[in-house]
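There are 2 protein chains.
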Amino acid sequence: MAKKIGVQTYKLDNPVYIVGRSSIVGDKEAKGPLSKYFLKSTTDDTMGESTYEKSERSFMQKAISFCLKNSKLNNADIDILIGGDLLNQMVTTNYTAEKFGWPYIGVYSACSTMSESLAVAACLLDANVGKYIMCVTGSHFASAERQFRGPLELASQRQTYSQWTVTAMGATILGKQGKGPKITHVCFGKVVNYGVKDIANMGAAMAPAAMETLVQFFLDTKTSPNDYDLIITGDLGKFGSDVLKDLLLQKGFKVGKNFSDCGHIIYDASQKTFQGGSGAGCSASVLNSYIVDKMEQKVFRKVIFMPTGALMSTTSNQQGDSIPCISHLILLEI
Amino acid sequence: MAKKIGVQTYKLDNPVYIVGRSSIVGDKEAKGPLSKYFLKSTTDDTMGESTYEKSERSFMQKAISFCLKNSKLNNADIDILIGGDLLNQMVTTNYTAEKFGWPYIGVYSACSTMSESLAVAACLLDANVGKYIMCVTGSHFASAERQFRGPLELASQRQTYSQWTVTAMGATILGKQGKGPKITHVCFGKVVNYGVKDIANMGAAMAPAAMETLVQFFLDTKTSPNDYDLIITGDLGKFGSDVLKDLLLQKGFKVGKNFSDCGHIIYDASQKTFQGGSGAGCSASVLNSYIVDKMEQKVFRKVIFMPTGALMSTTSNQQGDSIPCISHLILLEI
Numbered sequence: 125m126a127k128k129i130g131v132q133t134y135k136l137d138n139p140v141y142i143v144g145r146s147s148i149v150g151d152k153e154a155k156g157p158l159s160k161y162f163l164k165s166t167t168d169d170t171m172g173e174s175t176y177e178k179s180e181r182s183f184m185q186k187a188i189s190f191c192l193k194n195s196k197l198n199n200a201d202i203d204i205l206i207g208g209d210l211l212n213q214m215v216t217t218n219y220t221a222e223k224f225g226w227p228y229i230g231v232y233s234a235c236s237t238m239s240e241s242l243a244v245a246a247c248l249l250d251a252n253v254g255k256y257i258m259c260v261t262g263s264h265f266a267s268a269e270r271q272f273r274g275p276l277e278l279a280s281q282r283q284t285y286s287q288w289t290v291t292a293m294g295a296t297i298l299g300k301q302g303k304g305p306k307i308t309h310v311c312f313g314k315v316v317n318y319g320v321k322d323i324a325n326m327g328a329a330m331a332p333a334a335m336e337t338l339v340q341f342f343l344d345t346k347t348s349p350n351d352y353d354l355i356i357t358g359d360l361g362k363f364g365s366d367v368l369k370d371l372l373l374q375k376g377f378k379v380g381k382n383f384s385d386c387g388h389i390i391y392d393a394s395q396k397t398f399q400g401g402s403g404a405g406c407s408a409s410v411l412n413s414y415i416v417d418k419m420e421q422k423v424f425r426k427v428i429f430m431p432t433g434a435l436m437s438t439t440s441n442q443q444g445d446s447i448p449c450i451s452h453l454i455l456l457e458i
Numbered sequence: 125m126a127k128k129i130g131v132q133t134y135k136l137d138n139p140v141y142i143v144g145r146s147s148i149v150g151d152k153e154a155k156g157p158l159s160k161y162f163l164k165s166t167t168d169d170t171m172g173e174s175t176y177e178k179s180e181r182s183f184m185q186k187a188i189s190f191c192l193k194n195s196k197l198n199n200a201d202i203d204i205l206i207g208g209d210l211l212n213q214m215v216t217t218n219y220t221a222e223k224f225g226w227p228y229i230g231v232y233s234a235c236s237t238m239s240e241s242l243a244v245a246a247c248l249l250d251a252n253v254g255k256y257i258m259c260v261t262g263s264h265f266a267s268a269e270r271q272f273r274g275p276l277e278l279a280s281q282r283q284t285y286s287q288w289t290v291t292a293m294g295a296t297i298l299g300k301q302g303k304g305p306k307i308t309h310v311c312f313g314k315v316v317n318y319g320v321k322d323i324a325n326m327g328a329a330m331a332p333a334a335m336e337t338l339v340q341f342f343l344d345t346k347t348s349p350n351d352y353d354l355i356i357t358g359d360l361g362k363f364g365s366d367v368l369k370d371l372l373l374q375k376g377f378k379v380g381k382n383f384s385d386c387g388h389i390i391y392d393a394s395q396k397t398f399q400g401g402s403g404a405g406c407s408a409s410v411l412n413s414y415i416v417d418k419m420e421q422k423v424f425r426k427v428i429f430m431p432t433g434a435l436m437s438t439t440s441n442q443q444g445d446s447i448p449c450i451s452h453l454i455l456l457e458i
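If you read the protein sequences in the order shown, they are chains Z and V.
For the first sequence, position 238 (counting from the first letter as 1) is numbered 362 according to this note's numbering, and the numbering increases by one without interruption.
For the second sequence, position 71 (counting from the first letter as 1) is numbered 195 according to this note's numbering, and the numbering increases by one without interruption.
There's no promise every hint is true.
[What the hints assert, rightly or not] Quick look at which bits of chain Z chain V covers, simulated, 3 or more residues with Cβ under 8 angstroms: (1) 128 to 137; (2) 213 to 219; (3) 226 to 234; (4) 386 to 399; (5) 425 to 437; (6) 441 to 454.
[Said to hold, decoys possible] Result set (DSS-like, lysine-lysine): computed pairs, CA atoms no more than 27 angstroms apart in a straight line: (7) V:300 x Z:135; (8) V:128 x Z:196; (9) Z:128 x V:135; (10) Z:128 x V:255; (11) V:378 x Z:128; (12) Z:346 x V:255; (13) Z:300 x V:255; (14) V:128 x Z:300; (15) Z:155 x Z:396.
Rather than coming from a laboratory, the hints here were simulated on the basis of the structure.
Glycine included, each C-beta is placed from N, C-alpha and C at the ideal position.
Okay, chain Z solo, but in the shape it has when bound (with noise of 0.2 angstroms):
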């Protein structure tokens, strides 16, 4: 049973265990300063398939094979999937749910959709729905592009100020025992809206929604910064984590050293991403590589884990409609 810490944390009684992990990344991703953590990457983008649509799909049901070996586990054991992912419909992870025939809850909260799964998850085991739930996300660079900025061909210029959508995919399966890291306590994010029209400055779009979602956690949990070996948001890219930095300080929270961002920390500056990464794909694959391997060697015994989304469409976006935003945030410990 968990109970309600505060205003909006829920401290698992049962905390559930991380039993298996992958990422795979495409050929940028695994040039990125972070290569060597990636369990698995690939030189061809498109996975030889047809469409991108299609190479994302098969990068994400590559994800959970990979997850399941990792974890030992037989197909049969996992109980349920949780996922979605940035396409219309969330047609990546509805295909892929096809393919490994489990009980499926498809959630959507853009690039936060890794910690939406997860805390989701976690509340499910929690509650003795399954003992092995399967979280999956991630995002293609080609079909991201295509369905939301224009197509490749068009080669459009970019802003200094975006982000570069990753390919990559990241899994994760929850148990009710283990011994790797464990996630203790999950806050589930509010909407946030200061505003920002401009689709290609997501990080300045997302990062009151981390804010909000981080004070309250402090806030209900009576902790500061300080109590956390890592505090990681999603994919706010250089600027949105700056930005962040800012608000918190306003509302009194100082982040040191201790604060990073995984579309910040994915590419160099050399790659000419400008902000970063972003992307469902760019927490869950450095959630499940870098992250964990770091708490399995205990370098990080507490983990703030808190990927934020851009809840906008194209229409609305057309239409006129600011960006609403959203950070779930899960609590990693060993």
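Position chain V against the provided structure of chain Z, taking the given hints into account.
Just chain V now, kept in the frame of chain Z:
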């Protein structure tokens, strides 16, 4: 704590109750056979908004406000909002969540989103995550036509086996205590794809998903159709309902007069919707009006509610993929 029964079904040790509900429908739906059951209706489907997408949001916001009023709870009593909708990236629910300011879990399973929301909410409440959870979904004829088929101005001719996306919303508040109908079992569906590629023929595409979930539920609970007062699908329509009955017969289960489909009963033949209603709002509005009304009157005491969702996108369809479908089931008892 929940208990797994058989392969795919969970029995909740602490049933969760419907403590508030609302339905709001458009003009065409208000002229149909279920007219007297709906809480609210409007003769202006635009809701006075400048775009159909904003009209859809207005419907959803009203459904939630009426639901709160019906429950006699305050805004501050709601711990979490769970919901989704058919528009790309679920913008209707995202912007609605912004308005109300609750922690928000976005879920998507197309026209099965009402049962998915309720099933996830029931499990969370069972895990003591929240005391009251608001579930919402719905659809709007004009925004759905524009996104999935063609703009209304195109005046495309409709196929005789097609259905009509309802303009309707339904909202339900679940709580841990109550006197009304309660959810006692949940069964998360698997993705089922029998190879149908015709997006005008949703009934045929979705019927197999309903069959698979229902048969598994009967096997898991060692029950048969006669044990239930009502078995109701979401929007198979007339044709899809017939396909489901045939598929069930092949598996040795015969449903009789206790079988119904929300899409089949929401319009009558004179309204020229051909096979009936569809859309996430179809089952959501019928559940929160007709079905729960009849349960409160003890006409139905044991109801299987199992809408079906078609999980394709326009892109997957245009790329030649067949339609993956799903049906999440909840058992309601009073």
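> Which numbered hints are broken by the structure, listed smallest first?
Replying inline: Violated: hints 4, 11.
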